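K.L.:
One-letter residues, chain by chain:
6 protein chains.
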Amino acid sequence: MIYVSRKEHFNAAHKLYNPIWSEEKNIEMFGPCANANWHGHNFELIVTVKGTPNPETGFVIDLKKLSLLIRKEIIEKVDHKNLNLDVDFMFGKMASTENIAMEFWKILAPAIKTIAPDAQLHCIKLYETPRNFVEYLGE
Amino acid sequence: MIYVSRKEHFNAAHKLYNPIWSEEKNIEMFGPCANANWHGHNFELIVTVKGTPNPETGFVIDLKKLSLLIRKEIIEKVDHKNLNLDVDFMFGKMASTENIAMEFWKILAPAIKTIAPDAQLHCIKLYETPRNFVEYLGE
Amino acid sequence: MIYVSRKEHFNAAHKLYNPIWSEEKNIEMFGPCANANWHGHNFELIVTVKGTPNPETGFVIDLKKLSLLIRKEIIEKVDHKNLNLDVDFMFGKMASTENIAMEFWKILAPAIKTIAPDAQLHCIKLYETPRNFVEYLGE
Amino acid sequence: MIYVSRKEHFNAAHKLYNPIWSEEKNIEMFGPCANANWHGHNFELIVTVKGTPNPETGFVIDLKKLSLLIRKEIIEKVDHKNLNLDVDFMFGKMASTENIAMEFWKILAPAIKTIAPDAQLHCIKLYETPRNFVEYLGE
Amino acid sequence: MIYVSRKEHFNAAHKLYNPIWSEEKNIEMFGPCANANWHGHNFELIVTVKGTPNPETGFVIDLKKLSLLIRKEIIEKVDHKNLNLDVDFMFGKMASTENIAMEFWKILAPAIKTIAPDAQLHCIKLYETPRNFVEYLGE
Amino acid sequence: MIYVSRKEHFNAAHKLYNPIWSEEKNIEMFGPCANANWHGHNFELIVTVKGTPNPETGFVIDLKKLSLLIRKEIIEKVDHKNLNLDVDFMFGKMASTENIAMEFWKILAPAIKTIAPDAQLHCIKLYETPRNFVEYLGE
Chain L
1 MIYVSRKEHF
11 NAAHKLYNPI
21 WSEEKNIEMF
31 GPCANANWHG
41 HNFELIVTVK
51 GTPNPETGFV
61 IDLKKLSLLI
71 RKEIIEKVDH
81 KNLNLDVDFM
91 FGKMASTENI
101 AMEFWKILAP
111 AIKTIAPDAQ
121 LHCIKLYETP
131 RNFVEYLGE
Chain C
1 MIYVSRKEHF
11 NAAHKLYNPI
21 WSEEKNIEMF
31 GPCANANWHG
41 HNFELIVTVK
51 GTPNPETGFV
61 IDLKKLSLLI
71 RKEIIEKVDH
81 KNLNLDVDFM
91 FGKMASTENI
101 AMEFWKILAP
111 AIKTIAPDAQ
121 LHCIKLYETP
131 RNFVEYLGE
Chain B
1 MIYVSRKEHF
11 NAAHKLYNPI
21 WSEEKNIEMF
31 GPCANANWHG
41 HNFELIVTVK
51 GTPNPETGFV
61 IDLKKLSLLI
71 RKEIIEKVDH
81 KNLNLDVDFM
91 FGKMASTENI
101 AMEFWKILAP
111 AIKTIAPDAQ
121 LHCIKLYETP
131 RNFVEYLGE
Chain Y
1 MIYVSRKEHF
11 NAAHKLYNPI
21 WSEEKNIEMF
31 GPCANANWHG
41 HNFELIVTVK
51 GTPNPETGFV
61 IDLKKLSLLI
71 RKEIIEKVDH
81 KNLNLDVDFM
91 FGKMASTENI
101 AMEFWKILAP
111 AIKTIAPDAQ
121 LHCIKLYETP
131 RNFVEYLGE
Chain P
1 MIYVSRKEHF
11 NAAHKLYNPI
21 WSEEKNIEMF
31 GPCANANWHG
41 HNFELIVTVK
51 GTPNPETGFV
61 IDLKKLSLLI
71 RKEIIEKVDH
81 KNLNLDVDFM
91 FGKMASTENI
101 AMEFWKILAP
111 AIKTIAPDAQ
121 LHCIKLYETP
131 RNFVEYLGE
Chain A
1 MIYVSRKEHF
11 NAAHKLYNPI
21 WSEEKNIEMF
31 GPCANANWHG
41 HNFELIVTVK
51 GTPNPETGFV
61 IDLKKLSLLI
71 RKEIIEKVDH
81 KNLNLDVDFM
91 FGKMASTENI
101 AMEFWKILAP
111 AIKTIAPDAQ
121 LHCIKLYETP
131 RNFVEYLGE
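Chains as they are written, first to last, in the working numbering: chain L, 1 to 139; chain C, 1 to 139; chain B, 1 to 139; chain Y, 1 to 139; chain P, 1 to 139; chain A, 1 to 139.
Treat the hints with caution; some may be incorrect.
A pair holds if it fits inside one copy or across any two, identical chains being indistinguishable in the list.
Stated by the list, open to error - When the alpha-carbon atoms are kept at most 16 angstroms apart in a straight line, the in silico EDC-like pairs for lysine to aspartate or glutamate are as follows:
| # | residue 1 | residue 2 |
| --- | --- | --- |
| 1 | Lys64 | Asp79 |
| 2 | Lys93 | Glu56 |
| 3 | Lys25 | Glu56 |
| 4 | Lys113 | Asp88 |
| 5 | Lys72 | Glu8 |
| 6 | Lys64 | Glu28 |
| 7 | Lys50 | Asp79 |
| 8 | Lys7 | Glu135 |
| 9 | Lys65 | Glu135 |
| 10 | Lys77 | Glu139 |
| 11 | Lys7 | Asp62 |
| 12 | Lys64 | Asp88 |
| 13 | Lys106 | Glu135 |
| 14 | Lys93 | Asp118 |
| 15 | Lys65 | Glu8 |
| 16 | Lys25 | Asp62 |
| 17 | Lys93 | Glu24 |
| 18 | Lys93 | Glu76 |
| 19 | Lys65 | Glu28 |
| 20 | Lys77 | Asp62 |
| 21 | Lys113 | Glu44 |
Quick caveat, the hints were computed from the structure, so don't treat them as lab data.
Since the model is a prediction, treat every value here as computed from it, not as a measurement.
I would like the entire structure built from these sequences, with the hints used as guidance.
P.N.:
Written out as structure tokens, the structure reads:
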């Protein structure tokens, strides 16, 4: 078993705001992250796939294909977008890094099977800033 | 003459949008940067001051004081904010990295004099992403 | 289960020196790391916490609170300090990166419970330099 | 159990080319990576060893010895070399990052036992570029 | 005057070898960089353009256009290539980082005029490795 | 004219402390940097040399020779040392990053002439931390 990773990035706006709470409670819980007019980040996304190398190519997965898949399924939908307003799979969810990573998993786990049937998604690692990041392994 | 630099960062939303143009022209000129619902970045800011070291301290400028000054004069005004809507010194200006850097200069050049009278601001370097950045030397 | 990480840093002096050994044996075992007058590092510390996101906040743990906790419990005690002479929880122990990481675990594992009762410390990752680092998972 | 890591680097040329395939099929499968005249990378190698710290040294493994071992067993054989033509342990294998990492494991797992009998190799992490990397845990 | 920079990268093979010298003299002068079978690098290229921001866009130069120009004029010609064998503008020249940077200048200085007539190329910065790099300002 | 740079690093202890002042004044002026038992850093040093490429080698300066020179003249004297106690060229001087950089210049400017008579030292850039650094151009 080998773990193969590809790093991509996107720039997006978001805010942390729970509509069932008052403005005051949102500020108390989320501080400046609840700023009504949004803020944003350069997100870094690392997608890790596991499997055994194909003897003819030496590849677990073709990283060029993986990069194109991530761009088509994820980056095009979130880059230069507002994660709360513009991204259908985030509607009705808190735009926390945790939740974003779990939604990316739901999209990428089956999509990776279409380009590498013998491999599987292992980890979604998402940096909101160089100092804050999450990892999700699917369970 | 020694050049001394301090790096700070902030996370903000913005868009590139010229209100005298049509929606179509804005999209044509700015592409996804004109997204109506904003996008955002982790900006990295490097402030460089020049001068001669004080013989008693070995410092051109106390970097702790410079850090506090940058946070008070700049970071508190732009971090977790919308650069188009929330930042008074950007009102009526295109929120390009070039313009942001020039506005930072106007604020920091005199402010640095108050904490280091014999030193002077040399450069504002502003990273919008790790791959896009600008430098302004005041003229 | 989601893994959430926060990165902090501190600058400290230390040396590797076993007092039961002769000066010669210390030099033989630790080389320049045994330098009598100390040396130092910019340590980078990554604290990883695991748990399930709270549905109301989307957070496993509030990273602002985690950052403040790490600063209060760890950074204030080690930053701009001598790890052999100034840090009570290192007294009588070799100031190796391994031992420092294990002591940080002992402090942070219960402390994290006080701010996030449903989450738990997963990993302490400590960089002594960009090329030398350790990870401790608590057992 | 503590995990201790050392990072080294090397610069090498390679190509991805399966000699049982036609030129056209190689280009189709590997794209520009099949360029007949080679291309190259600054590879970054992270070797992780696990074990318990020795009470007299505080070390799982002496990282200076580990660095020298990696340089002698790996770096001297691959740095400023062609991975397809100059490196005996890669003869007859696709020079994919996956395969290189697995060959490094075969060499380093027993070699580490000679300098740290109570520790063991845990992971080979190999960056081909800052955005493409693999990890191998030995099975 | 504002300085605006864009960072791109490419992966290439090369060697340092002067054909008027003997094999021995090449090894003496260039060490492992003269390896007959090539070696390679992940080059990082930073292109800096200077000018005054356009009042309507806030841009010195559209960085999207600059990125596309660098990719078309430089990256497509050198990425996944052998700098000695595959790149016409390097034929007959030592493939040192200095010479590569100067050739990039000759191509980019007039090309930038075609997309930003009022701006001009200021600097080519080329990293061969994270620790070795050159800068060329055109004279 | 081409500018060629080489990056090296060293780990050292120091403190900022002016012996003509009281303990209280030192704490007031230097804060935690005055800690009696020292603190330390992973310093990063970038040495930039300028000149014209030699037509036979394509080099302004042989970076392998420059690296060895920096290691012999600087790194061996400061790495794993105490900058206040162990380094003769710092005796009697405040161990500020500014002063360290200026002392490095005095040593390296003539030394570089011995390995590259037609080139000259252009800049000493010294990072004390990733966020605090100085540059000295010799005047």
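K.L.:
For each hint, tell me whether it holds in the structure or not.
P.N.:
Status of the hints after comparison with the structure:
1. Taking identical chains as interchangeable, the C-alpha atoms of Lys64 and Asp79 lie at most 16 angstroms apart only when they sit on different chains, with a minimum of 14 angstroms there against 19 angstroms within one chain.
2. Taking identical chains as interchangeable, the C-alpha atoms of Lys93 and Glu56 lie at most 16 angstroms apart only when they sit on different chains, with a minimum of 9 angstroms there against 43 angstroms within one chain.
3. In this assembly of identical chains, the alpha carbons of Lys25 and Glu56 lie at most 16 angstroms apart only when taken from different copies (12 angstroms versus 58 angstroms within one copy).
4. Taking the shortest Cα distances, Lys113 and Asp88 never come within 16 angstroms of each other, neither inside one copy (23 angstroms) nor across copies (35 angstroms).
5. When the C-alpha separation of Lys72 and Glu8 is checked against a cutoff of 16 angstroms, the pair qualifies only within one copy, where the shortest distance is 12 angstroms, while the shortest distance between copies is 21 angstroms.
6. Taking the closest pair of Cα atoms, Lys64 and Glu28 come within 16 angstroms of each other only across two copies (12 angstroms); inside a single copy the shortest separation is 44 angstroms, beyond that limit.
7. In this homomeric assembly, Lys50 and Asp79 never come within 16 angstroms of each other (Cα to Cα): the closest approach is 26 angstroms inside a single copy and 28 angstroms across copies.
8. In this homomeric assembly, Lys7 and Glu135 come within 16 angstroms of each other (Cα to Cα) both inside a single copy, at 13 angstroms, and across copies, at 14 angstroms.
9. Taking the shortest alpha-carbon separations for Lys65 and Glu135, neither the intra-copy value of 22 angstroms nor the inter-copy value of 19 angstroms comes in at or below 16 angstroms.
10. Neither within a single protomer nor between protomers do Lys77 and Glu139 lie at most 16 angstroms apart by alpha-carbon distance, with minima of 24 angstroms and 36 angstroms respectively.
11. Proximity of Lys7 and Asp62 under a CA criterion of 16 angstroms is satisfied intra-copy only: 14 angstroms inside one chain copy versus 25 angstroms between copies.
12. Within a single copy, Lys64 and Asp88 get their C-alpha atoms no closer than 26 angstroms, and across copies no closer than 27 angstroms, so neither meets the 16 angstroms cut-off.
13. Only within a single protomer do Lys106 and Glu135 lie at most 16 angstroms apart by alpha-carbon distance; the minimum there is 14 angstroms, versus 23 angstroms between protomers.
14. Proximity of Lys93 to Asp118 under the C-alpha cut-off of 16 angstroms is found in neither arrangement, the shortest distances being 32 angstroms within a copy and 21 angstroms between copies.
15. For the identical chains of this complex, Lys65 and Glu8 are intra-copy neighbours only, at 13 angstroms inside a copy versus 21 angstroms across copies, given an alpha-carbon limit of 16 angstroms.
16. In this assembly of identical chains, Lys25 and Asp62 lie within 16 angstroms of each other by CA distance solely across copies; the values are 15 angstroms between and 47 angstroms within a copy.
17. For the homomeric pair Lys93 and Glu24, neither the shortest alpha-carbon distance inside one copy (20 angstroms) nor that between copies (31 angstroms) is at most 16 angstroms.
18. Taking identical chains as interchangeable, the C-alpha atoms of Lys93 and Glu76 are never at most 16 angstroms apart, the minima being 20 angstroms within one chain and 28 angstroms between chains.
19. For the homomeric pair Lys65 and Glu28, the shortest alpha-carbon distance between copies (12 angstroms) is at most 16 angstroms, but the shortest distance inside one copy (44 angstroms) is not.
20. In this assembly of identical chains, Lys77 and Asp62 lie within 16 angstroms of each other by CA distance neither inside one copy nor across copies; the values are 22 angstroms within and 23 angstroms between.
21. In the homo-oligomer, the alpha carbons of Lys113 and Glu44 never lie at most 16 angstroms apart, since the shortest distance is 23 angstroms inside one protomer and 29 angstroms across protomers.
Going down the numbered hints, you'll see the structure goes against 4, 7, 9, 10, 12, 14, 17, 18, 20, 21, while the others check out.
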